[in-house]
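Please build the complete structure, drawing on both the sequences and the hints.
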Amino acid sequence: MIRILFFAGLREQLDCDGLEIPAAGLRDVARVRAALGRRGERWQVALQRPDLQVAVNQALAADASPVQPGDEVAFFPPVTGG
Amino acid sequence: MIRILFFAGLREQLDCDGLEIPAAGLRDVARVRAALGRRGERWQVALQRPDLQVAVNQALAADASPVQPGDEVAFFPPVTGG
Amino acid sequence: MSVEVAVQESAFDTGAEYASLRAANRTDGATAIFVGSVRDFNNDGRVMALTLEHYPGMTEKVLADIGEQALQRWSLGRVRILHRVGQLEPGEDIVFVGVTAPHRQSALDGCGFIIDLLKTEAPFWKKESSGSTAHWVEARVSDRDALQKWK
Amino acid sequence: MSVEVAVQESAFDTGAEYASLRAANRTDGATAIFVGSVRDFNNDGRVMALTLEHYPGMTEKVLADIGEQALQRWSLGRVRILHRVGQLEPGEDIVFVGVTAPHRQSALDGCGFIIDLLKTEAPFWKKESSGSTAHWVEARVSDRDALQKWK
Chain S
282 MIRILFFAGL
292 REQLDCDGLE
302 IPAAGLRDVA
312 RVRAALGRRG
322 ERWQVALQRP
332 DLQVAVNQAL
342 AADASPVQPG
352 DEVAFFPPVT
362 GG
Chain R
282 MIRILFFAGL
292 REQLDCDGLE
302 IPAAGLRDVA
312 RVRAALGRRG
322 ERWQVALQRP
332 DLQVAVNQAL
342 AADASPVQPG
352 DEVAFFPPVT
362 GG
Chain B
42 MSVEVAVQES
52 AFDTGAEYAS
62 LRAANRTDGA
72 TAIFVGSVRD
82 FNNDGRVMAL
92 TLEHYPGMTE
102 KVLADIGEQA
112 LQRWSLGRVR
122 ILHRVGQLEP
132 GEDIVFVGVT
142 APHRQSALDG
152 CGFIIDLLKT
162 EAPFWKKESS
172 GSTAHWVEAR
182 VSDRDALQKW
192 K
Chain E
42 MSVEVAVQES
52 AFDTGAEYAS
62 LRAANRTDGA
72 TAIFVGSVRD
82 FNNDGRVMAL
92 TLEHYPGMTE
102 KVLADIGEQA
112 LQRWSLGRVR
122 ILHRVGQLEP
132 GEDIVFVGVT
142 APHRQSALDG
152 CGFIIDLLKT
162 EAPFWKKESS
172 GSTAHWVEAR
182 VSDRDALQKW
192 K
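Chains as they are written, first to last, in the numbering used here: chain S, 282 to 363; chain R, 282 to 363; chain B, 42 to 192; chain E, 42 to 192.
Note that these hints are calculated values from the structure, not bench results. Possibly wrong hints are sitting among the right ones.
Only pairs whose alpha carbons sit at most 27 Å apart, straight line, appear in this in silico BS3-like list of lysine-lysine [stated by the list, open to error]:
(1) B/K168 / B/K102
(2) B/K102 / B/K192
(3) E/K102 / E/K190
(4) E/K168 / E/K102
(5) B/K190 / B/K102
(6) E/K190 / B/K192
(7) E/K192 / B/K190
(8) E/K192 / E/K102
(9) E/K102 / B/K190
(10) B/K192 / E/K168
Residues of chain B clear of chain E, computed beta-carbon distances all greater than 12 Å [unchecked claim]:
(11) Q49
(12) S51
(13) I156
(14) K192
Note that this is a predicted model, so its numbers are computed, not measured. For every residue, glycine included, the Cβ atom is placed at its ideal position computed from N, Cα and C.
Below is the structure:
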């Protein structure tokens, strides 16, 4: 399984702060994103937002970053702390 | 008269923290410096130090800066505060 | 050389944080501090509250990593980064970045670098509320542009 | 917008100075502070004292002028510059520069500008003493070079 997390505006948009999905075939962030998009149009739209940031195991990552079973993958809007 | 002040290492070198000199003919900093240099070799040497800073009426100035009767002219080594 | 970070709901005391950066620190003549506070963004004078959400676990790692990068790059003495989460009122302090170094330029640059990276890499999100309405703060392009000077 | 400067023998309290920069200040979300402290310059561990001489009258004018320049150039909110004179012990604070602004880069740049100009234009001189010997600190070329970035 892969642990998925959503934060801030994205969390509210999806009305979901996290879920687990089977890891089979999801070997990079792009594939994880695509799999989540298949959950419905709302997910498709929200996850294609071009400025969305992604972290794998709590480190900033990109679409090409590898993902393994047991990983934690988080999607979130551009950060606005400080 | 022109009020002359010396600070820090220069004050110690000249063993003098200030004096008054007649203003006649001393219409810029260069002339004030030259007049002070004529007080003796120690003064000559100390006041020709190339990195010496000078202020006229408490504002940083240069050799060409004009001087008038009643002005306060200060000579000092490069500042080292902060 | 040390990096200390904290993510906390409680307020911090800039004077106490300064004292901690200076305690038994005779090698670093320079201390630079940056503090970010909640502004009264609305020009109509309406009091506004701010809620800070974060990504627990990742936040602390990112802050520690940013601090380490700064420490290595400028040979800093101590680095201290605090960031609040939860509900904040106008005038309250959000973030503290404190850096000590033997030389002033290192301290100032290290401090500026940390806050610039924090603004674009640390997973915090601000939600402003004013009366009954609330909205997520949009990231600013200028924050991303600010990173150019550290390339 | 205000510039406040002080030249004083007594110690200052960075926490109190910070509080004064923030008091009833809701427009400026950013505060940058630089503090310079007496280092233990001697690597042999000998305790060293510092005496700060200044040019009374001119010092205050120069500090106020530097503060005004920074305030105009970066649209700062508040500028506060404190500098101690007289006898100082290792570990004691010498100079405080505090700046508030609506934006962080203005606050950090304004703070850096002020300390760089102070280092080359404000009439203070340091004399280090260690045991029975004392000498005037030499100005550093790097302090003059630091001004280039503000041209």
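Any of the earlier hints contradicted here, and which numbers?
9, 10, 13
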